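Participant: Under this note's numbering, the letters of the sequence shown match residues 1 to 637, in that order.
Derived from the structure by calculation, the hints contain no laboratory data. Since this is a predicted model, take the numbers as computed values, not measurements. Everything hinted at is true.
Here are the simulated DSSO-like pairs of lysine-lysine, each with C-alpha atoms no more than 27 Å apart in a straight line:
hint	residue 1	residue 2
1	K409	K421
2	K77	K26
3	K418	K398
4	K251	K433
5	K57	K77
6	K603	K550
7	K421	K221
8	K491	K344
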Amino acid sequence: MALQQEKQKFQALAEQSPLGISLIDKRGVYQYFNPKFIELFGYTPDEIPTGRDWFAKAYPDPVYRQQVISTWINDLKNFGRGKCRRRTFTVTCKDGSQKIIHFRAVTLENLDEFIIYEDITERTQAEEALKESEERFKLLFEYAPDAYFLHDLTGNLINGNQTAEKLGGYRRQELIGKNIMDLPLLDPQQRSLIPGLLAQVAQGQTAGPIELTLSQRYGSKVNVEIRSYPVNFRGQPLVLGIARDITARKKMEEELIKASKLESLSILAGGIAHDFNNLLHGILGNLSLARTMLNPISRDELFKRLSAAESACLRASELTQQLLTFAKGSLPVRKPTLISELIKDGVNFALIGSMVRGELDLPDHLWPVEVDAGQLSQVLNNLLINAEQAMPQGGIIKVTAQNITIDDKSTLPLRAGKYVKISIIDQGTGIPKEHLSMIFDPYFTTKQQGSGLGLATSYAVIRNHGGYIAVDSQVGVGTSFHIFLPASKKKVIDATEVTDRPVAGQGRILVMDDEAIIRELVAKMLERIGYEVECARDGAEALKLYAQAKNTGQPFNAVILDLTIPGGMGGKEAIKRLLQLDPQVKAIVSSGYADGTTVANYKEYGFQGIIPKPYRLAELSRVLHGVINRPDCQELA
Numbered sequence: 001m002a003l004q005q006e007k008q009k010f011q012a013l014a015e016q017s018p019l020g021i022s023l024i025d026k027r028g029v030y031q032y033f034n035p036k037f038i039e040l041f042g043y044t045p046d047e048i049p050t051g052r053d054w055f056a057k058a059y060p061d062p063v064y065r066q067q068v069i070s071t072w073i074n075d076l077k078n079f080g081r082g083k084c085r086r087r088t089f090t091v092t093c094k095d096g097s098q099k100i101i102h103f104r105a106v107t108l109e110n111l112d113e114f115i116i117y118e119d120i121t122e123r124t125q126a127e128e129a130l131k132e133s134e135e136r137f138k139l140l141f142e143y144a145p146d147a148y149f150l151h152d153l154t155g156n157l158i159n160g161n162q163t164a165e166k167l168g169g170y171r172r173q174e175l176i177g178k179n180i181m182d183l184p185l186l187d188p189q190q191r192s193l194i195p196g197l198l199a200q201v202a203q204g205q206t207a208g209p210i211e212l213t214l215s216q217r218y219g220s221k222v223n224v225e226i227r228s229y230p231v232n233f234r235g236q237p238l239v240l241g242i243a244r245d246i247t248a249r250k251k252m253e254e255e256l257i258k259a260s261k262l263e264s265l266s267i268l269a270g271g272i273a274h275d276f277n278n279l280l281h282g283i284l285g286n287l288s289l290a291r292t293m294l295n296p297i298s299r300d301e302l303f304k305r306l307s308a309a310e311s312a313c314l315r316a317s318e319l320t321q322q323l324l325t326f327a328k329g330s331l332p333v334r335k336p337t338l339i340s341e342l343i344k345d346g347v348n349f350a351l352i353g354s355m356v357r358g359e360l361d362l363p364d365h366l367w368p369v370e371v372d373a374g375q376l377s378q379v380l381n382n383l384l385i386n387a388e389q390a391m392p393q394g395g396i397i398k399v400t401a402q403n404i405t406i407d408d409k410s411t412l413p414l415r416a417g418k419y420v421k422i423s424i425i426d427q428g429t430g431i432p433k434e435h436l437s438m439i440f441d442p443y444f445t446t447k448q449q450g451s452g453l454g455l456a457t458s459y460a461v462i463r464n465h466g467g468y469i470a471v472d473s474q475v476g477v478g479t480s481f482h483i484f485l486p487a488s489k490k491k492v493i494d495a496t497e498v499t500d501r502p503v504a505g506q507g508r509i510l511v512m513d514d515e516a517i518i519r520e521l522v523a524k525m526l527e528r529i530g531y532e533v534e535c536a537r538d539g540a541e542a543l544k545l546y547a548q549a550k551n552t553g554q555p556f557n558a559v560i561l562d563l564t565i566p567g568g569m570g571g572k573e574a575i576k577r578l579l580q581l582d583p584q585v586k587a588i589v590s591s592g593y594a595d596g597t598t599v600a601n602y603k604e605y606g607f608q609g610i611i612p613k614p615y616r617l618a619e620l621s622r623v624l625h626g627v628i629n630r631p632d633c634q635e636l637a
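Using the sequences plus the hints, can you model the full thing?
Facilitator: Here it is as structure tokens:
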């Protein structure tokens, strides 16, 4: 009676069990399936009356079936009665689906087998998905392009990725367990930013970005942008810090700031240079004209004084050229050049009478560069004088040049391509770190007699040539300036000897300028060397005079046009109209300052020559002679 009651209790429990249950006797015949077993697998007692039938249907793949049977038999041998055997197999159900089943089997005293079946398919799949997710996260974490730091809410470092190791130069094992406040990477002055960052993340908020300067293991500095995110890892609240290297971006921003500072001076510089060059032109032109009226052979005192005054005007003109380099329109007039001679001349000139000696390393076959020789000479002179002044006790300045190729991976703010690199290396006092970022700023100087324009001018000149200028310095060791200029494929044309004496000529010349004193001066200069001259105040009057002369059969042989006419038609518009009137017009552009694109590319606008103000009679005569190209011209005695 008691046994019958126990069986009824067992059956009642088994019928309600959420797990599959079966009982198989020692002959291998199933004695009982509960409803959950049938629900799990779909098989009825009639379809699998024996264990052999179960194995055939549940494991249709013969290889896998044999593995399961072998495991089952071994367990029967190795486990005694009453011991629970646990195994997990993949079972094929009646409908063809597969389920991952966790088996718990116990051999009873009468050798019957009591088996419990638990479907763990969803749980296993979830665990595998979680494992895959963790593996993906691990891969993303490890190989991310940014530096990843995982730490707890108090800042104790738990892990870091490969990029973090490369960024700081430390192996992660050296840093794990330390608090981020104690890491050698952090600048002591910036550590005060960290507690606020941690507090924000502790409240469940994303913190940052903030910018920090990290000290790498071997002394280099790197700029980073840091963001911190609250994350939950296996139930533990943690912080994922992401540091992005923005060193290259910061350098580019600094270059933009420098450029904007120079831009702010462009309007002022251009206006001053234009007016000043017009004044200088009046002085220099008259001096040049007066000098031609004297006999240089006599070497009298008046001739010497005029020559000295003329030289002074030319030096003043060089100062206005420094102002012009700040103006955004003041582009260089470039020609293909081999820079070795420019460098040699620059070193010889800058170090005359100095206690400093120049050492040159200028290899043969340097690529040509397209430069404005005058502007590049000015840059070299500025840098060499700075280097010489940094060595009051004497020393050596090394000047080198080399061909280099820059690729897309370079951190320099330059396009990929071929460049010629010029380096000027001194053994001077060096530049303090706090001054390095300001040395190219206009008017920044540490010298009592300095104007602060030399390096700013150099920066602007190289920028306008499509190049870049960089500086490295160490206090007590010296300073190195590196100039990068784009290489050119154009052929270099050797410059011919030019004379200081004016070239005589014949023909009719039309001069257009808004300044009466300049019109009168240029007319007298040209008349002095044999030309007939008419003058116009602006482009409209020049067009009228040109048309009249052409219609009367007395055309002008050449036209000299001032580029800038306040309140009137300037040279750029006038040349357009003249070309419509006469496609064969021979026009020369003259300017103290104007649209640098027009000056630098004057031929594209229809001009055949250029004469920057201020100029001397000899320069004007040579340009005019070249444009008119009269074969019978001769030098004026």
